[in-house]
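Going line by line, the protein sequences match chains A and B.
Each residue of the first sequence is one higher than the one before, counting from 1 in this note's numbering.
Each residue of the second sequence is one higher than the one before, counting from 280 in this note's numbering.
By construction, these hints were calculated from the structure, which means they are not laboratory data.
Ideal Cβ placement from N, Cα and C applies to all residues, glycine included.
Accuracy of the hints is not assured; some may be wrong.
Label pairs and their computed distance ranges (CB to CB) [said to hold, decoys possible]:
# : chain 1 : residue 1 : chain 2 : residue 2 : range
1 : B       : 351       : A       : 192       : 53 to 59 Å
2 : B       : 331       : A       : 20        : 31 to 37 Å
3 : B       : 495       : A       : 20        : 46 to 52 Å
4 : B       : 387       : A       : 52        : 30 to 36 Å
5 : B       : 414       : A       : 119       : 39 to 45 Å
6 : A       : 109       : B       : 343       : 41 to 47 Å
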Amino acid sequence: MSLKRIKTLLLVLLASIIAVVFLLPLVWMVSTSFKNDFEALSGKMNFIPLKPTFDNYIKGFSGELMNVPILQWITNSLMVGIAGTAIVLLIASMAAFALARLKDLPLRRTLLSMFIASLMIPGVLTFLPMYMEFNALGLINTYAALILPYTAGAFGVFLLYQFFISFPKDIEEAARIDGANKWKLYTHIMLPSSISIMVTLLIFTFMGIYNDFVWPLYATTSPEMRTITAGIAMMAQGSYTQSYGKLMAMTAAAAIPVVIIFILGQRSFVKAITQSAIK
Amino acid sequence: MVKSWHSKLTSSLFVLPYFICFAAFLLFPILYGVYISLHNFELLSPEHDFVGLKHYVTIFTPGTYLNSLFFNGLWNTIQFVIYSVPLLIVVGLGLAMLIQHLPGKIRGLFRTFYFLPYALSASVMSVIWLMIFDTNSGFLNSLLTKLNIPAIPWLTDQPWAWVSLITTTLWWTIGFNMIIFINALNQVPEDFYEAASLDGANAWDKFWHITLPSIKPVMLFVMITSTIASFNVFAQPFLLTRGGPGDSTKVLLINVLDQAFIRKEIGSASAMAILMALLIMIISVVQFRLTYGNKGEES
Chain A
1 MSLKRIKTLL LVLLASIIAV VFLLPLVWMV STSFKNDFEA LSGKMNFIPL KPTFDNYIKG
61 FSGELMNVPI LQWITNSLMV GIAGTAIVLL IASMAAFALA RLKDLPLRRT LLSMFIASLM
121 IPGVLTFLPM YMEFNALGLI NTYAALILPY TAGAFGVFLL YQFFISFPKD IEEAARIDGA
181 NKWKLYTHIM LPSSISIMVT LLIFTFMGIY NDFVWPLYAT TSPEMRTITA GIAMMAQGSY
241 TQSYGKLMAM TAAAAIPVVI IFILGQRSFV KAITQSAIK
Chain B
280 MVKSWHSKLT SSLFVLPYFI CFAAFLLFPI LYGVYISLHN FELLSPEHDF VGLKHYVTIF
340 TPGTYLNSLF FNGLWNTIQF VIYSVPLLIV VGLGLAMLIQ HLPGKIRGLF RTFYFLPYAL
400 SASVMSVIWL MIFDTNSGFL NSLLTKLNIP AIPWLTDQPW AWVSLITTTL WWTIGFNMII
460 FINALNQVPE DFYEAASLDG ANAWDKFWHI TLPSIKPVML FVMITSTIAS FNVFAQPFLL
520 TRGGPGDSTK VLLINVLDQA FIRKEIGSAS AMAILMALLI MIISVVQFRL TYGNKGEES
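Could you build all of it, start to finish, from the sequences and the hints given here?
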């Protein structure tokens, strides 16, 4: 064996050991979710449960488990994530299109710099007043409170603006000569050509909303309004902590949708991170 | 003239929906937050007396409750920043370089493995690690017992609490920095390394004289984003250590939210939040200036 081959093998070995460290907590979660409480708390390090059971999942989903409406929580998260993402995609793409392509937009430069500057504003600045705003409107513990705050984020506008600004001018001019108005230009030329970047934004936004937990933790007060992340956070602080089998089943159920989307859309997700880094 | 007025209006209509959301859920809350911080604003009381800068003055008056709440929280946050940021940079770069040196076919696979925890929410991440760090039945202490090492109180004793919080933070977020570093490393021209090899440079020389200078701007970007993220730390201590042992991991954001939602003192909590936000913005501006300054020197 050549020296180079040995070196490569050692690197693969090192990478594999690190991979085990990264994956082990997830494997342990799945393994524990199939154990009964006694086995889960026994301190045994067995990855394959001695008496595998679906009980934790069945009881969890049927709501039998300590009155936790786990299906309702997942439904809430999916609904809030989908609605929030749809609004963000629509309003951010319209705004980005106007900022990048409609030169007669009044205060164009001011708006653009205001939106981009807002990316630097830490969430802590708006958290409490936003709570008080929703509280005053009587909207705490409603879907509106769970969806609307995400629509103000400027990341989507910023990302799509960069795409639209570099879009070739001649296609747009040809369409204009053919008599297309601004709305047609947006729906027939800009939107279809930006599908790939829109998918990137979609995955990024959906995961951000689905995974957020501080805002939904405070913006919901009744068990049935909670999102799955806020619900799991509440469970982690209650008496459920002594029932790892059940807690892990719920945690796995919370993680599975977003992990699937993440793996499927990884390429897009990486693209969004990269594009946010190159400013 | 009429046509141009009309055209400007339709252009504006495209921005209007986003602008309404921006105004309602960002601009207005910022102004409202300033207003709240100047009042005695209690969640349950309908009366809000104007108190001017009283909350701010109290925060800076030694010996007051607000003063210790703010500065203890700040000190705990700063400790977290000091422990986590260097590791977030070094480990992120290390993983990126490791992946670069793997055979092409398996690179994507390992990148996914290291990046996967980033997909999890804070609460999922915390619940998994609560189980692993559990003193009596947790995975880590079971492992130590097998090796005849006494159990470690991972979340309830210092310095272990910090060790645990930093470990989970690295596991959870390092994928983000790794991705950025992988991109940066891909952009270093291959001929630089070839030329250096001809000159007889070893691996360390190449790293020190080619890799590091080439990725310097990205390095600063990662430093800025990691510092800001660490300053905003909340989920890990809130869910894993509950701010303990004692108050040693009660970071600033925990104290701000406790003041608002447990003690229902929204006015003083808002003042703390505004000071915290200002601090974060000052840090990012300073770091941006450093980035900009360095770019200026190079060109």
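Comparing the hints with the structure gives:
For the hinted restraint 53 to 59 Å between residue 351 (chain B) and residue 192 (chain A), the CB-CB distance of approximately 55 Å keeps it satisfied. A hinted range of 31 to 37 Å for the beta carbons of residue 331 (chain B) and residue 20 (chain A) is inconsistent with their spacing of about 58 Å. Distance hint check for residue 495 (chain B) and residue 20 (chain A): the Cβ-Cβ separation is about 33 Å, which falls outside the suggested range of 46 to 52 Å. In this structure, residue 387 (chain B) and residue 52 (chain A) meet the distance hint of 30 to 36 Å, their C-beta atoms being roughly 32 Å apart.
For residue 414 (chain B) paired with residue 119 (chain A), a C-beta distance near 42 Å keeps the hint of 39 to 45 Å intact. As the Cβ distance of residue 109 (chain A) to residue 343 (chain B) is approximately 45 Å, the hint placing it in 41 to 47 Å holds.
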